[in-house]
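Participant: One-letter residues, chain by chain:
4 protein chains.
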Amino acid sequence: MVKTASHVKNDSGTKTTKDNALQEPILDFHYHPQMSVADFTQALGSIGYQASHVKKAIAIITRMKQNKAKIFLTFTSNMVSSGLRGFFAQLIEQKMVDVIVTTVGSIEEDLMKAHGASFYLGSFDADDALLGKKGINRIGNIFVPNESYESFEDIIQPLLEKIYSTGKRTLTPSELIHELGCCINDPHSICYQASQKNIPIYCPAITDGSMGFQLYLFRQKHPDFTLDVVKDFSNIMFAVTPQDIKGVIVLGGGVAKHHAILATLLNEGMHYAVYITTAHPYSGSLSGATTNEAKSWGKIRSDGDAVTVTGEASILFPLIMVSVLDLLKK
Amino acid sequence: MVKTASHVKNDSGTKTTKDNALQEPILDFHYHPQMSVADFTQALGSIGYQASHVKKAIAIITRMKQNKAKIFLTFTSNMVSSGLRGFFAQLIEQKMVDVIVTTVGSIEEDLMKAHGASFYLGSFDADDALLGKKGINRIGNIFVPNESYESFEDIIQPLLEKIYSTGKRTLTPSELIHELGCCINDPHSICYQASQKNIPIYCPAITDGSMGFQLYLFRQKHPDFTLDVVKDFSNIMFAVTPQDIKGVIVLGGGVAKHHAILATLLNEGMHYAVYITTAHPYSGSLSGATTNEAKSWGKIRSDGDAVTVTGEASILFPLIMVSVLDLLKK
Amino acid sequence: MVKTASHVKNDSGTKTTKDNALQEPILDFHYHPQMSVADFTQALGSIGYQASHVKKAIAIITRMKQNKAKIFLTFTSNMVSSGLRGFFAQLIEQKMVDVIVTTVGSIEEDLMKAHGASFYLGSFDADDALLGKKGINRIGNIFVPNESYESFEDIIQPLLEKIYSTGKRTLTPSELIHELGCCINDPHSICYQASQKNIPIYCPAITDGSMGFQLYLFRQKHPDFTLDVVKDFSNIMFAVTPQDIKGVIVLGGGVAKHHAILATLLNEGMHYAVYITTAHPYSGSLSGATTNEAKSWGKIRSDGDAVTVTGEASILFPLIMVSVLDLLKK
Amino acid sequence: MVKTASHVKNDSGTKTTKDNALQEPILDFHYHPQMSVADFTQALGSIGYQASHVKKAIAIITRMKQNKAKIFLTFTSNMVSSGLRGFFAQLIEQKMVDVIVTTVGSIEEDLMKAHGASFYLGSFDADDALLGKKGINRIGNIFVPNESYESFEDIIQPLLEKIYSTGKRTLTPSELIHELGCCINDPHSICYQASQKNIPIYCPAITDGSMGFQLYLFRQKHPDFTLDVVKDFSNIMFAVTPQDIKGVIVLGGGVAKHHAILATLLNEGMHYAVYITTAHPYSGSLSGATTNEAKSWGKIRSDGDAVTVTGEASILFPLIMVSVLDLLKK
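Respectively, the protein sequence lines represent chains A, B, C and D.
FYI, this note's numbering numbers position 70 of the first sequence as 51, with every residue one higher than the one before it.
FYI, this note's numbering numbers position 300 of the second sequence as 281, with every residue one higher than the one before it.
FYI, this note's numbering numbers position 54 of the third sequence as 35, with every residue one higher than the one before it.
FYI, this note's numbering numbers position 194 of the fourth sequence as 175, with every residue one higher than the one before it.
Keep in mind the hints are simulated off the structure, nothing from the lab.
For each residue, glycine too, the CB sits at the ideal point set by N, CA and C.
Treat the hints loosely; a few may be bogus.
Straight-line C-alpha distance at most 30 Å; calculated DSS-like pairs for lysine-lysine [stated by the list, open to error]:
#, chain 1, residue 1, chain 2, residue 2
1, C, 115, A, 114
2, C, 311, D, 310
3, B, 212, C, 143
4, C, 114, B, 149
5, C, 114, A, 115
6, B, 310, A, 311
7, A, 49, D, 114
8, B, 114, C, 311
Pulled from the structure, derived: some chain B residues nowhere near chain C, Cβ distances all over 12 Å [said to hold, decoys possible]:
#, residue
9, 49
10, 112
11, 138
12, 139
13, 310
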């Protein structure tokens, strides 16, 4: 049985997108001492602009959980470069999400950090040629010493050998990531927690990073080692069913976003969706494609409960999720 | 005596902008139940990207207050359309700022709201032709019924008459706004609180709104009623001195931003500056001009303690100021 | 008589905004040697995204002229800092526009350039503290030596004396700018051409720049010299009538944009509008407010022929206007 | 031998990024009738802001070709949805580029269009739920009828059978795309021209689209059919050598951008780079990562000749390349 709209609780019960009604007044925000994050974000709801979208996102994610939706979470690797990595791990540990889609940089950097690599707060306007000479790589205002990437070879090759030694010759990317997660022991690691909780991490462009080079090196020694990307497509497609209530939380854009909403398109669309992105729709980019646009495709159901929050995930994602977690505890 | 850099306390003591050092590690963010806003924003500081700029902005504004800087606050009128209006009033009441610069729409809408007008939460993608037919004006996702603007004539003309009746023939825009604030009685009103606390509100383009039309109508009856904009220029210029420690908090761009940093340029530049803007520097716009660019002009002192936070003020300004208020209470 | 929709020729005859029809196929763009700008922009029309909006903007401006609309052109002062200054002068000389609204920086920099000041191409990521020490002010990637601004006093004070000496004691800002334009002799000057062609330049925040300081200095010597901003409001309001066919070309945002669309709102709205902006609608800013939003207010008529082109005016405005000028010559 | 900086001709001979010199004056742009695109873009060079970056991009790409650089071109699939598809094919036919990296949607849509599918110019603000009901998918303001995607199965399965029937059991994604290009006959097709000219097209996330589903279906029938993504990593890595002079033209962001600059990082960095993107650096996204940031990594050589043009590729890419093609013919 496919869930119809009436199965999905929505606090308004009506489509508001094209609505012209004057219903919810804008209310003045007021400070009181020691406001909690959850109280703060409730108050944002009547400010207007993206502040009101933050509150809407919190309500939608809360409903996702209350209605036991299967939740896809997608993020780009710069989120893992940042301090959100440990928060993702915590959300996985608490089983807040069911399927993860990301880029391979996320896996690489999660493993580096699990093995002690430090990333540093730097500056957006550093002298990049000078940084290059000093062996520092820049990701926005995050500085990553060369050693972190150089150490990746020392980390990954033994792990690949260990996996290979168990007789595995062909893995899908998500199976590989699961195995890698089983080999490490860091509660703040995304891969570790995902392996512990049996939550799959899909990575459709598994070779697009240092991992690609390491897999190439490993193949030189073990020509029969292969990755099966076609099988992983069916894995993500069958990770949910058309009958499931489904939701997605998308941070940024890229292949991670697209892969998740493609998987749900093939499962009759999502009931719930929250996009957090800095990209705008005017150039037709996937990163800027709104939840509305997704409804034309059926990636989100036409009666889906969805919002696009325009802004930066490094602030908005923890702001939203901390509020959701507190609301769910009530 | 002009304050030198050593008079301005800075928690790092060093210029970090072009710094290539690896000092502050990125730390994983973790949730704990019932986090306060102030704890949350401290944790943002080690996430990276704009999250770290939020923490920096909080630290700079806190230092502004601790070092008794004279603080300019600038905002555009869409901030007053939103629920930030009452928060601005609260900040003025608490004497958190010393000089305000804004556009005339802020004054108009503050008066409308003080007289009971309601603005409503709507949708960014409403059918605008239909809204127009229904007499609803849209500002982003805020809906404003025509009546609110139509009522402005009923509000403002008696007030102008009252001011005129006291014998005043020529006022500067800031004097006019002060008088208007004295005529109303709403603790959530920006104008009311500014008049109560004797905080000037500058509005260099005083005719650029419904106010312009009302002033034109009033002039028809009272041809000797004039506004003196040149005198208000000297008022804002002499609102601070070169010897004062000065700070600025800029929300968005436009004439409000420019006027404040022009006034401080003529006073040897600001010691502290926080810009919150959605605009980017690539087109040379004033709205996107960074705190760095301001240093080339001397609008901000070359050793000034400054940050540009890229993002939307409807979320970031209350997030930052709630944290500042809590920190100052400690 | 107010012009109805049927008086305004529109190449489609239908509202396309909410249209779901499959009518115009996307066509492959192909290069051929020595393409003219006008041929190039016609080909953009079937590419999609903002390329198609460029073609639409060209068509709308061409119709404005063919239908003898009174045309408002608005721009911010950074456009005058750039090499578009001479192009604006050329458009005025050719009587392509009827009313100009801008910020006072435009007037200042136009006069500086008319008196030989040079602005330079620099870099967006220069060291601003160092620039400041070298006496160079940065506007995006344009460098302006301090001398240019310092020379402004030498330019403007004699001109103000000259105007004052003719007996003028009170001028509106647009009258002042007209007089200034009469005093200089540079065919590439906006003010010069506007004075020659009797095209008014409105500047609602006339004191928001070096001009403010110079007017203050002049007032010290001549206390009876005043500017009448209220009268200029009626001047721009009556610059057109409800019966006129009206169009607007808006570059960027700010007070210049708002003042023009306010003037047309009071004249029953525009028939044609082209906005070129880098700002996005999501924060409710005026700069990002679309032509659609303007229809809810009646700033643009509900049947108005309008497009918002998202992108940077330094490229898009000459691209569009060069095409319009060539099309009109046909 | 690795090429040193002196092997790479650069019209300035100096690093200008942090330069504070006043060398190139801003020049007024002037219209003359029937301007060619190439003349127009030369004139943009002295306007400032992104206009000057357009001219710089043209100069850099012209130098790439004159210095016989191996050129990577990357684009996202929305560029192929648009009318740029035929232009990409033309550039490949003229051997303007040597290596292509894109997302699988580009391949799918190129094949659909080669088989007669039409995409249509629509509107950014269509009613998406209604579009969905009508079987129309929206990509920005491009409308794609469901049939186009449904027809993809009819197109691709016979092609896969044909390729399989030649005995091929394992292909890399780039080999698969090469084979597909050999099977069609449309001079406006990217795949066709790439196969004709033996230019590889890399697609690191080959399953992230309808292709993924089709490969899954094909695998059901032919369990021994596999794709080897690890081998394609070495293919792109060895597509150039450290000794080659290398350049890259990046449109937008995503996995296509990252994969190209990763391949060149492993080959001692690029000598030339032009990025055209709408994304900004402030959020640490890959899409917004500048050519400067790439120098910290060694993706672009520290002395590399590079520019980031902020703006939309649907306009800027043809504007730049039409100029380059004309300049090269001189």
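Participant: Now tell me, hint by hint, if it's right for this structure.
Facilitator: To see whether the hints hold, each was checked on the structure:
1. 115/C x 114/A: Given pair residue 115/C, residue 114/A holds - Cα atoms ~28 Å apart, limit 30 Å.
2. 311/C x 310/D: Roughly 29 Å between the alpha carbons, so the hint for residue 311/C and residue 310/D holds.
3. 212/B x 143/C: The hint holds at about 22 Å.
4. 114/C x 149/B: Not OK: residue 114/C and residue 149/B at ~46 Å, beyond 30 Å, violated.
5. 114/C x 115/A: holds, 28 Å
6. 310/B x 311/A: holds, 29 Å
7. 49/A x 114/D: Holds: residue 49/A and residue 114/D sit about 27 Å apart, inside 30 Å.
8. 114/B x 311/C: Violated, at roughly 39 Å.
9. 49: holds, 25 Å
10. 112: Not fine: 4 Å to the nearest Cβ puts residue 112/B too close to chain C.
11. 138: holds, 14 Å
12. 139: holds, 18 Å
13. 310: holds, 30 Å
This entry does not satisfy hints 4, 8 and 10, going by the numbered hints stated previously.
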